[in-house]
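Residue numbers (this note's numbering), protein chains in the order written: chain A, 1 to 218; chain B, 219 to 421; chain C, 422 to 670; chain D, 671 to 938.
To be clear, the hints were calculated from the coordinates, so they are not data collected in a lab. One or more of the hints may lead you astray.
Straight-line C-alpha distance at most 25 angstroms; calculated SDA-like pairs for lysine to any residue [as the list claims (entries may be wrong)]: (1) C/Lys531 <-> B/Gly412; (2) A/Lys216 <-> C/Ile644; (3) B/Lys309 <-> D/Arg769; (4) A/Lys217 <-> D/Lys895; (5) A/Lys153 <-> B/Thr349; (6) A/Lys161 <-> C/Lys531; (7) A/Lys217 <-> C/Lys531; (8) B/Lys309 <-> A/Lys217; (9) D/Lys895 <-> D/Arg673; (10) D/Lys811 <-> A/Leu45.
Away from chain B, derived, C-beta distances all over 10 angstroms, residues of chain A [what the hints assert, rightly or not]: (11) Ala14; (12) Ser81; (13) Arg89; (14) Leu189; (15) Tyr200.
Just so you know, even glycine gets a beta-carbon here, dropped at the ideal spot from N, CA and C.
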Amino acid sequence: MIDALVTSIVILMAWSFLYRENIFYRIGEALLVGLALAISVKVGLDVLFNRIYIPIVVKQQWLSPTLIAVALGLMMYTRFSKSLWWVSRWPIALLSGAGLGVAMKGAVMAQIVRQLDIGSLFTKDIFTGINNLILLVTAITSLAYFLYTFEHKGALAPVAKLGIYSMMICFGTTLGLFLMSNIGFAISLIPNVVRPPGLYASIVAIILIIVDNLIKKE
Amino acid sequence: MSFLRRIEIPIILFAIGSLLPLIDYYTGNLSVQASELLSWVVILVTFSYLIGVVNLFRYHLNNIRKGRDVYYSVLIIGSFLFYLAIAYLNKSVYDWIFSKLYTPLSMSISSFVGFYTYTVFLRGARLKSPTAVLLLAVTIVILLYNTPTIRALSPQMITIGDWIKNVPNTGAYRGILIGMGISMIVLFMRAIIGRERSYLGGG
Amino acid sequence: MLMVICIGLAYFYMKSAERKAPRYRIRKFPALEAIEEAVGRAAEMNRPVHYTTGIGGTDDQYAPMTLSGLAILGRVAEACGKAGVYLRYTTPRAYLVPVSQDIIKAGYMKSGNPDMYSPDMVYYVGEYQTAFMTSVMGYILRERPAVNMIFGATLWETINQLGAGAIAGCIQLGGTPRLYYIPIMICVCDYLLIGEELYVAGAALEGTPGSIGYFRGQDLYKILLIILFILAAVASTAGFNLIGYLSAW
Amino acid sequence: MDRAVFIIFIILIAIPAISPLGLPISISSNTVEVYRQIEDLKSGDIAMWITDFSVGTWGQVGPAEVAVYRHLFDLIRRKGIKVIIVTTYSVDGSLNAERILREYVDTKGLKYGEDYVNLGWIPGYETTLMGIAKDFQSIVKTDAYGTPIDKLPMLRNVRSISDIALIGFSTSTSPDPYPRQLGGYGKPLIINTLIATVPWTLPYYEKRLITGYIGAESDAAGYEKLTGMPGEGLRTLDAQTLSHIYGVGLIIIGNIWYFTRRRGGGKG
């Protein structure tokens, strides 16, 4: 009972933002930022405990390479020193490099080579062939749109134009599919605020909005 | 000392960091080192949290000192300290706050994507040019295609929607994906030879 | 293996293209050119500029997008310094705090207005997406910045942030290679970088002969792939799996 | 203007929540495909489900996840399959898995450790996925409750991906690592994800690296119909229908508004 009421009040606090920026939303925002930060710090401490404290201190693996990571991690804090701040760049450089490496790993095979593969253009089933042709044309034209050093004129102009149109189809599809995934949250929350005890909280909220409107008019 | 200050050192670190996973992926060598590197990354990211927390605290303590939005700042810092303490002191209160306060709060914030999608439809959807007409026409078709009741009533809608989704959409998607792959390679090259170094603070 | 060779070839090509670079002209990027104009409007209205690179960090597969977003941040900071506008950068990644502080500081220094810079321009909100969303939404409707920019790896927070921006009437600039959020940007942004254009923004902002070489090399690479694409289609019509053969090689 | 849009939307979705309208629905072919693959599991087969979606996306991914869990646990009873539940991406996933096991799935009469096991969150994401595929015993040390895996009979013979009959995963972020690490072994690999992520998975689906996908509530509802266990999915579909038609309406109204304002000399 209390639990459900708290949940519905919290939902309404956040949704009050739809009406206008107000004190309830602000409280919700501050709570969320504080709680989320606490959760990430706790998870972070758990990670450090499991990956550093347990192997090194408990299991006595003093020569583990993790120590280098610890040293690099501590280097980050040189940021707060006036003379050694530049050391803090090293760990961040290593970290960014690894991120880029991970991203690149997927880029070449998944994003380029695999995508080049295309079905036959003439098949027994004529529609499959036509579909494959359309696939080829849309792919090539939208790729051609992104040519940077060739001006979009002459033979390239219609190609780039077609490229824009095929991309628009792609974006339209995405936009259409979007709604379904996006309204899911609201739909799954609504039972909390239209069934008791949440309903009572909603009624209070509606009254507050009406009062606020009246005050503003005066 | 001045040698250590040089910009080349972080760039070399960056290059090592980015090449290790790639060498592992393409040749299968150095896989131990590569996975060690990735576990270091997790540790480094975790260490960095403190920097963020210090930043947040300084920002809000400044606010409190200046008397600007005091309650708000106090609430953020207070809820952070309280919840972090609770995490280690009382597991059941921690769980209760997580499931009854944090989760609905975070879901209702996420639910704004639904509301704002309508804002986008209302404000952004303008038949300004032929491209916009095409964009919106496809959007409407796909919206109807995705409507559960219309799917049940008219199977033709599913055929049209599936065709758009699987043929021109996939084609254009592939084109964009390939382009992004190439640009990423170029960015990668710029980065490992030290031309792109925004990660160093623009140094 | 094949790709490694290709990358090597492309690199040498780019080096040689650098020398004859002045011959080529790069297509214009309206979004990058609009930065100054938008910041100028902010100065007229005496309101701040809000900037974010999205939820992505540089430690995961979003690294290239975030790096490009940070490169643009440098330019924005410079423009803000010139116009005397307050810039606010919100990030959910702790290690980006020092990085972005340095970038913004350098930008304000370059434009000869270092006194305006304060470390508080960078605001960290914890690693979680919802916390990030809510504080940006709150900030936009509370402080009503004149310009709202999102360049980087964005997930759904984009919709919320751009939606709030649209309601607050901000000038909005955006760019992301994350396909699902491009349509939203098309609808509510005044200028945008579509897809891969973000990756090359760093090079475009640089504008030196060297960076033009990159563009040229990249374009030729694309043409090569288009040819390969057509060849693959022809080959598969003839019953031969060219791509399968190449990737096994 | 925007407020009116929001209020009408809230009213539209509130109506079915108060009293369901019972509008007709259809079951998509991809849902049937996923259902078949799971239904085809034989006695003694081990199915592994990787629950990796974040708490905030429960509304979209949750219903289908619940439907699949219910189906899997139903199959334990009916056919004697075994189920492994694991999380690799972030701690959120294991919280979701525990919530489903606690609130939605009937585990009465099933033996933990013999019929099903919950391994909890194994940090490492892609590294963990690779470990699961190649060397299960070295990456998995204990289950979610701290029991060493040699105390769990059903895991004793699981060495690598070849000992697992079917793998499914749910994600609210990138689907790329899963087919990269777990695809291409000739095992069914099923994804449950956000509808916005579905186009992303299609290239993998065409290459059969992913063998089936479900996304969002309509698939969840279809799945509930197929298994005959109604749940959240079916309830929300009426609201879906109304809000989609509302979306189409708004695009049209938005354009009319725009053009009348422009004719009237207002700014474009």
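Status of each hint after checking the structure:
Taken as a hint, the C/Lys531 and B/Gly412 pair is honoured in the structure, with Cα atoms around 21 angstroms apart against an allowance of 25 angstroms. Restraint check for A/Lys216 and C/Ile644: the C-alpha separation of about 62 angstroms exceeds 25 angstroms, so the hint is violated. Of the pairs offered as hints, the one joining B/Lys309 and D/Arg769 holds, with about 16 angstroms between alpha carbons and a cut-off of 25 angstroms not exceeded. A distance of roughly 52 angstroms separates the Cα atoms of A/Lys217 and D/Lys895; the hinted pair therefore is violated under the 25 angstroms criterion.
The suggested pairing of A/Lys153 with B/Thr349 holds, with an alpha-carbon distance near 18 angstroms, which does not exceed 25 angstroms. For the given pair, A/Lys161 sits about 40 angstroms from C/Lys531 by alpha-carbon distance, which is inconsistent with the 25 angstroms threshold. With a C-alpha separation of about 49 angstroms, the suggested pair A/Lys217 and C/Lys531 falls outside the 25 angstroms cut-off, and the hint is violated. Using a Cα cut-off of 25 angstroms, the hinted pair B/Lys309 and A/Lys217 is violated, with the two alpha carbons roughly 49 angstroms apart.
Using a Cα cut-off of 25 angstroms, the hinted pair D/Lys895 and D/Arg673 is violated, with the two alpha carbons roughly 36 angstroms apart. Between D/Lys811 and A/Leu45, the direct Cα distance comes to roughly 21 angstroms. Compliance with the 25 angstroms bound is thereby established for this hinted pair. Remark: the non-interface label on A/Ala14 conflicts with the geometry, its nearest Cβ contact in chain B lying 4 angstroms away (cut-off 10 angstroms). For A/Ser81, the non-interface assignment is confirmed: its Cβ lies about 13 angstroms from the closest Cβ of chain B, beyond the 10 angstroms cut-off.
Chain B draws A/Arg89 into its interface by the beta-carbon criterion, the shortest separation being 5 angstroms against a cut-off of 10 angstroms. With a least CB separation of 6 angstroms from chain B, A/Leu189 falls inside the 10 angstroms interface cut-off, contrary to its annotation. Every C-beta of chain B lies more than 10 angstroms from that of A/Tyr200, the closest at about 17 angstroms, which supports listing it as non-interface.
Taken one by one, the earlier hints fail for this structure at numbers 2, 4, 6, 7, 8, 9, 11, 13, 14, listed in ascending order.
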